[in-house]
Amino acid sequence: MSNSQLTEGIVPGRLDPESYCTNFADHAPPLGAQEARIAADRCYFCHDAPCMEACPTSIDVPLFIRQISTGTPEAAARTIFEQNILGGMCARVCPTETLCEGACVRMDAEGEPVEIGALQRYATDTLMARQNHPFARASRTGKSVAVIGAGPAGLACAHRLAMKGHEVTIYDARAKPGGLNEYGIASYKAPGGFAQAEVAWLAQIGGITFVENWQLGRAGDGALSDLMADHDAVFLGVGLSGVNALRLDGEDKEGIRPATEFIAELRQASDLAKLPIGRDVVVIGGGMTAVDAAVQAKLLGALNVSLVYRRSRAEMPASTVEQEHALTHGVTIIENAAPIAIHGNGAVREIEFAYTRKGAEGLEMTDTGFRLKADQVFKAIGQTLGDTPPQVEVAGGKIKVDGAGRTSAERVWAGGDCTHAGEDLTVTAVAQGRDAAEDIHNFLMEG
Amino acid sequence: MADLRSEFIGIKSPNPFWLASAPPTDKEYNVRRAFEAGWGGVVWKTLGSEGPPVVNVNGPRYGAIYGADRRLLGLNNIELITDRPLQTNLREIKAVKRDYPDRALIVSLMVPCDEESWKAILPLVEETGADGVELNFGCPHGMAERGMGSAVGQVPEYIEMVTRWCKQYTRMPVIVKLTPNITDIRRPAEAAKRGGADAVSLINTINSITSVDLDDFAPEPTIDGKGTHGGYCGPAVKPIALNMVAEIARSSETAGLPISGIGGVTTWRDAAEFMALGAGNVQVCTAAMTYGFKVVQEMISGLSDYMDRKGFASTSDLVGRAVPNVTDWQYLNLNYVTKAEINQDDCIKCGRCYAACEDTSHQAIAMSEDRVFTVKDEECVACNLCIDVCPVDCITMRKLDKGEVDPRTGRTVGDYANWTTHPNNPSANAAE
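If you read the protein sequences in the order shown, they are chains A and B.
Note that the first sequence covers residues 44 to 490 in my numbering.
Note that the second sequence covers residues 2 to 433 in my numbering.
Next up, chain B with everything else stripped away, as it sits in the complex (with noise of 0.2 Å):
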C-alpha cells in the first residue's frame, strides 16, 4: 500500500482526495459522513457574508445529461452558495475540525467585492481552526448577477486585488478558485499569483444549458417554465479541466504555483491524470453526488495500486510528472508516423471502424464479404477514430521505425522534425 499521505500549500490530509466546495459539504452531518467514509479533506461549501442567508430555487436545481445505461456523464446545477446561516456554519466547522484533526478543512468564501467584507469574514474563519481558505471566483450562475463569483473570476484585477486583501488579513493559506468561462485560464491563475494566493484551484464550473423541455419549451431544470443557465460538472468537463491545468503548470508565469485539481474526477485514474498534469491533489464533486461518498475508497486503492506498480514513493513522485510532455502542436514530430493494426483475434466484427473511416475519415480500412476488417497502410493517416470508435479495444497503433517507408506517403520515416521547420511553413526557420 503505497503512501498516499499528502501535503498542499502546507495543509495535511491522509489522501490527496478532497471534497469540493459543493453541495456535499454544505453542512455538519455530510461533512463527517464524508470523513468517516475516507475523504482526505473538504473544501465547505461557500459562505457568504453575515446576514440574512441567500436563498435558493424551490424547484429542481440539477440538470443532467447520459451516457449508455443512464449513467450520468454532466451534471449542471444553479444552487446559489449555503443559504444557512454564517454562525451555523462556523460553529459545525469548529465542531468537525476538532472532531477530524487529520483531515484537511478548508472554508470557501465569497462575499462582496469590497475591502472591509473580506477584512470581516477572514478572522471568523481563522477562528473555527480551519487549515485554509477557498476564494470562489468561480460560480457562473446567481451570484455572478451580484457582482461575485465568476464576476470576479473573469477580471484579473479583481482577483488580484481580492487575493491581495485577504493575504494581507489572514495567516490562513488562500487557494483561488477559477472559472472556466474565461478566453485564457492562465491570465486569472497569474493574478491569482500577483496577488500572492498560495494555490489555484480549477476548474469551477462551465457556463451550460443541460437540455430543453420539448413540450414546454424551456430549459431544464425549469423553474415555473422558465430556465437558466447553470454550472457544468462532471466526467464531461474532464478533459476541458485538464487542459486547463496543463496551461497553468506549463506557463512559465505560472509554474510552480500550486494546483488544486478539479473537473470530473470520478476514478482514481481521473485523479491521477490531474496530478501527472500538475495537480498537488485533486477536489470532487459530481462523482460523490452520483454515487455517495464511498467512491473515495476506489480512489485510495487504485491510487495506491498505481504508485506501487510505479514505485512511486509519495505522491510527490507523481504530482507534474507529464507537464514536460505538454507540448504546442507546432513542436509534435511529423516525423512520427503510425498505422492502425486490427487484432484479429480480438475483433467483434462489429463495423463501427470502418462506417467511420469510410463515411469520416480516409476511407482506409477494408471489408471483406466475410466482415474481416483490415487497414489499408496506404491510406492510413493514423488519426485514431477506429479505435476511439471501436467498443472493443482491439485496434492498435503500430509505430513504423526510422527507415521504413510510409506506404501512404512513399516517404522514408526520418528524424524529429516539425512544423517550425517544415517546407510547407511560411514562416520556416531554415531546416538544418
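The shape of chain A in the complex, shown without the other chains (with noise of 0.2 Å):
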C-alpha cells in the first residue's frame, strides 16, 4: 500500500513515517531555564493583577512568576496548584490569549504579553519531573464522595476533596481517566501521555478509587440513586456527551462524523499512519473542536482541509490565536457560509453550502453558495448534554447549578461543560470542580 495525499478517498498512510512524528511533536516546545528567565524577567508584578483575575481558577501569577526568576519554580508549581491542581494540562490548552495573556498589561504596553503559560508549564513539569506529589492529605473524615466524570471537573473536584480527608470514588465511562484531556484535545497539545501521567501524579495525594467504564444510569452500573445511598455526597462533572446534527438529508452518509469522534480515535491511535484521512476534508463549525480537527486533519496528510463557519471570522468562539494555528497549518478557513445539503451515493462526495447574512430575524441564508469537494466531513457545531438522573433540573440543556455548584438535588453538585456556568474550558471546569468541592466539604462537616 503505498498511499500519498494525492490517493482519493479515506486511506491511511498518506505521509512518510517520520512526518507523522515532527507533525504531531509538542507544538509549543517547553521553555529551557534561560528562556524562562528572561520570559520571567518581564513580568512587573502588578498590583492586584489584571492575568489573576482573568484567570477562572484564580492563579497568583505575578508571585509564581516571581519565583521563577529568583530560581524556585518548584515554589512556583506549588503557588499554581494550589488553586488548580490540573495546571500542567491548562499550561498547554488553555487559550492564554483570551484569558491571563489577554489581560497581560504588557499587551497595553508594547502588545507582546508575558509569556504566562509557558512559564507556568515550565514551573509545573519541573515540580512534576520530580513525582513528589506537593500537597498532603488531611486526616480522614470518614465521608465518601462519589464524583461521576474523570475529567478536569471531576479530578479537581476529587482531589480537592481527598485533600480534606475524604474517600472519593471516580466513576468515568470511559476506559481511561482524563475526560476531554484524554480524549477531547489536540494531540499535539499534550504530547507523550501527559493526560495519564498528570492524572496518576494528580492521584498521589490518596484517597481516591478510579472506577473506568462505569456509565451513570446504565444497566448493571447504576443510578443516582445507587450512589446516593453509597455516598455522602456525589459530584456531577459528566461533561457533553451528545453532539448536534446538521439537521440535513444525508447526514448518514458515509465519510461523515462528529469531529469528537475523530479526535478521540486520533489520540487513542497507537499508530497515526494507520489511521485513515480524507483527501477532501470539510469541518463544520469556528470552535476549537474545529480548528483542532482540521489542523490534525492536515497534520495526516489531508490534501485540502476547509474550516467553514456560518459567521465571520471575528464571531468564532476559536480564538485569533487558535485561527492563525490553523491558517499557518494550511486550512482554509471560509466564513459566513452554511451547509445546505449532502451531495453523494453512499459516500460523501460533496457539500453544498450558502452564503450567510445578517438580517433581522438573525442569520439568513443568501442565494448565493458554493460546493465543496469533500470526502470526509467533520461535524464540530456543538455538543450537548447526554441523558442526565431524573432527580437533577436541567434548563437550556445544561444542568442547573446556584454559584457553589449545587444542582437542584438535594446532596449532588456539578460542574465543568454539563452546567451552564462559565465558558466550556478546561480551566473553567478545574475551577467549577474545586470550588464544589470546597462546598461539599462544607456541608459534609457540618452536618
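Don't read these hints as lab results, they were simulated from the structure.
A virtual CB, placed ideally from N, CA and C, is assigned to each residue, including glycine.
Be aware that a few hints might be false.
What the hints assert, rightly or not - Which stretches of chain A does chain B cover? Using the computed rule of at least three CB atoms under 8 Å from a CB of chain B, they are:
id, stretch
1, 89-95
2, 145-154
3, 404-416
Said to hold, decoys possible - Distance windows between CB atoms, simulated:
id, chain 1, residue 1, chain 2, residue 2, range
4, A, SER101, B, ASP309, 48 to 56 Å
5, A, GLU125, B, THR291, 33 to 41 Å
6, A, GLU367, B, THR229, 53 to 61 Å
7, B, GLY415, A, GLU125, 50 to 58 Å
8, B, ARG322, A, ASP151, 37 to 45 Å
9, B, GLU359, A, GLU481, 24 to 32 Å
What the hints assert, rightly or not - Non-contacting residues of chain B with respect to chain A, defined by C-beta distances greater than 10 Å in every case (computed):
id, residue
10, ASP70
11, GLN169
12, ARG188
13, ASN208
14, THR211
15, SER305
16, ASP329
Assemble the dimeric complex from its two separately framed chains, guided by the hints.
Below you can see the structure in the form of C-alpha cells.
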C-alpha cells in the first residue's frame, strides 16, 4: 500500500513515517531555564493583577512568575497547584490569549504579553518531573463522595476532596480517566501521554479510587440513587456526550462524523500512519474542536482541509491565535457560509453551502453558494448534554447549578461543561470542580 | 557633529572618554584595540615598583549583581595591580604612545609609601613619553593590606605627602585617584590639592561583598571556600560617585580643582551627568568590561548629539553647569509644591504606583473598579515614588503655581522659603 496526499478517499498512510512524528510533536515546546528566566523578567508584578483576575482558577500569576525568576520553580508550581491542580494541562491547552495573557498589561504597553502559559508549564513540568506530590492529605473524615466523570472538573473536585480527608470514588464511562484531556484535545497540545501522567501524579494525594467503563444510569452500572445510598455526596462532572446534528438529508452518508469522535480516535491511535483520513476534508464549525480537527486532518496528510463557519471570523469561538494556527497549517477558513445539502451516493462527495448574512431575525441564507469537494466531513457545531438523572434539573440544555455548584437535588453537585456556568474550558471546569469540592466539604463537615 | 576634543590639565584627547586604570588597560594589545575603537585616552593599569611583580589569585576574581535579563549592574573585583614586569609595561607604554600621539596616555602608579620608591619610578614613566601619572590611592583590597592603595587614600596627610613628592620629582601632570571608602570625600581632595595635585579622579571602587554562596557559605567570588571583600564598580555605584564629584566641585576649599569623573559611566548620558557636576572628563571601565570597547562609539555620538541640541561649542560649556544647583537640604524651597499626574492614555494599569503608594507611602492614589488609577491631590506629598516604580513612565509632576492652594495642606503656594526661616526650625533666622 502506498498512499499519498493525492490518493482519493479516506485512506491511511498518506505521509512518510517520519512526518507523523514531526507533525504531532509538542507544538509549543517547553521553555528552557534560560528562556524561562528571560520571560519571567518581563513580569511587572502588577498589583491585583489583571492576569490573575482573568484566570478562572485565580492563579497568583505575578507570585509564581517571581518565584521562577528567583530560581524556585517548584515553589512557583505549588502556587499554581494550590489554585489549579491541573495547572500542567491548563498550561498546555488554555486559550491564554483570551485569558491571562490577553489581560497582561504588557499587551497595552507593547502588544506582547508575558508568556504566562509557557512559564506555568515550565514551573509545573519542573515539579511534576520529580514526581513528588506537593500536598499532604488531611486526616480521614470518614466521609465518602462519588465523582461522576474523570474529566477536568471531576479530577479537580476529587483531588480537593481527597486532600481534605474524604474518600473519593471517580466513575467514568471511558476506559481511561482524563475526560477531554485524554480524548478531546489536539494531540500536539499534550503529547507524550501527559494526560495519564497528570492523573497518576494527581492521584498521589491518596484516597481516590478510579472506576472505569462505568456509565451513570446504564443497566448493571448504577443510578444516581444507588450512588446516593453509598456515598455522602455526589459530584456530576459528566461533560457533554452528545453532538449537534447538521439536520440535513444524507447526514448519515459514509464519511460524515462528529469531529469529537475523530479527535478521540486520533488521541488513542497507537500508530498514526494507520489512521485513515480523507483527501478533501471539510470541517463545519468555528470552535476549538473545529480547529483541532481541521489542523490534525491536515497533519495526517489530507490534501485540502476547509473549515467552514456560518458567521464571520471575528465571531468564531476559536480565538484569533487558534485561527492563525489553522491558517499557518494550511487550513482554508471560509466564513459566513452554512451547509445546505449533502451530495453523494452512499459516501459523501460534495457539501453544498449557502453564504449567510445578518438579517432582522438572525442569520439568513443568501441565494449565493458553492460546493466543496469532500470525501470526509467533520461536524463541530457544538456538543450537548447526554442523559441526566431525573432528580437533577436541567435548564437550557445544561445542568442547573448555583454559585457553589449545587444542583436542584439534595447532596448532588455539578461542574464543568455539563453545567450552564462559565465558558466550556478546561480551566473553568477545574475551577468549578474545586469550588464544588470546597462546598461539599463544608456541607459534610457541618453535618 | 559637536567638537568633543578635550583638554584636561593640559592633556589633549580627541574626546573626553578615557579608559580607567583597570584590567582593560593592562597591556599593549588591549590598549591598541581600545584606541582603534575610538577611546580618547587610557589610564594604564597600575604599575608597582621594580622587582618581582605582584601575583593574583588563580581562581575567580570578579563577582556581579544583575538586573532584569541578567543585565550586569554591579561588578566587584579582587584583582591587584599589574602582575607583569615593570619593564615590560614601560616598553609597551612607550610603543603605544609613539603610535597614538593624539591620544591621552596616563600611567597609574602604586609604590610603597616612601619617598625613594616614588622618586625611583617617576623618571621611568616620564621616559615613556606618557602624558601624566595617576596616583592609585584607591584600591580597597589586597594592596591596602600592604600599606598601599586605599590605606594611603584614607589618610589625608599621606595623600598630601606623596602628592608633594610626585610634584617634586616629575614635570608630568599628577592626578590623584581617590577612594570612596572614607566618611567625607572632601578631606582627601583637599589634601591632594595642598600637595599640589593637578587633578583628582574619583571614585575608585567601593568595599563590597557581592553575594554569598548559599551552599558553601562563602562570599563570592570564592577562592577555595573563602572569599574577601573586593572593589565594587559599575552602574550601581554611579549615584555615589556623582555625589562625591559634586561635593568636591562645590566645596569652596576645592572649587576649581580639575576632576576626572569615574563610577558607573555606561552611556553618553552618564558621562554628561558627571561633566555637568564638574568632571572635566570621565573614565570608564565596567561598561567596556561588560560590552567591549565598542561602547565608546555610542558615548561619542550621544554626547555629540546632546551638545548639538544644547548648542554647546565644546565640552567645557557643559563642565560644571549643574554645580551651582547642588545645594544643602536646608536651602531647598519648601514652597515648591508639586502633585503627581497620571497620563491615562499611556497608563497600562499595572497598579504598581497604587501598591507602592498605598502600602508604603501616603495612600494618595485611588484605584477604581475598572483599574483606573488617579492621584488624590489632597493626600499626595509629591514624593515621586509612583514615578520611580512606573514601568512605562506615564506619571509626571505638575508644579502648583504661586497663589494656588495645595489641597493637602490648605495653604496657598507662596514665594521661595526654606528651612532656615521655617517656624518649626528652633534655630531659624527671623523670617522676613
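May I ask you to test the hint 37 to 45 Å on the CB atoms belonging to B:ARG322 and A:ASP151? holds, 38 Å
Holds or violated: the 48 to 56 Å window for the beta-carbon distance between A:SER101 and B:ASP309? holds, 54 Å
Count the residues of the stretch 404-416 of chain A whose CB lies closer than 8 Å to any CB of chain B, then report whether that count reaches three. violated (count 0)
Cβ-Cβ distance between B:GLY415 and A:GLU125: within 50 to 58 Å? holds, 56 Å
Closest CB-CB distance from B:ASN208 to chain A, is it above 10 Å? holds, 26 Å
Can you let me know if the beta-carbon spacing of A:GLU367 and B:THR229 is within 53 to 61 Å? About 56 Å separates the Cβ atoms of A:GLU367 and B:THR229, which means 53 to 61 Å holds.
Are there three or more residues in the stretch 89-95 of chain A whose C-beta lies within less than 8 Å of some C-beta in chain B? Per the Cβ count (5), the hint holds.
Quick check for students: does the CB of B:SER305 sit more than 10 Å from each CB in chain A? holds, 30 Å
Just double-check B:ARG188 for me: nearest Cβ-Cβ distance to chain A has to come out over 10 Å. holds, 41 Å
Outside-interface status for B:THR211 - nearest CB in chain A farther than 10 Å: holds, 17 Å
Interface exclusion of B:ASP329 relative to chain A, criterion Cβ beyond 10 Å: holds, 37 Å
Once the closest CB in chain A is found, is it more than 10 Å from B:ASP70? violated, 5 Å
Hints 3, 10 from the list above are not met by this structure, while the remaining hints are.
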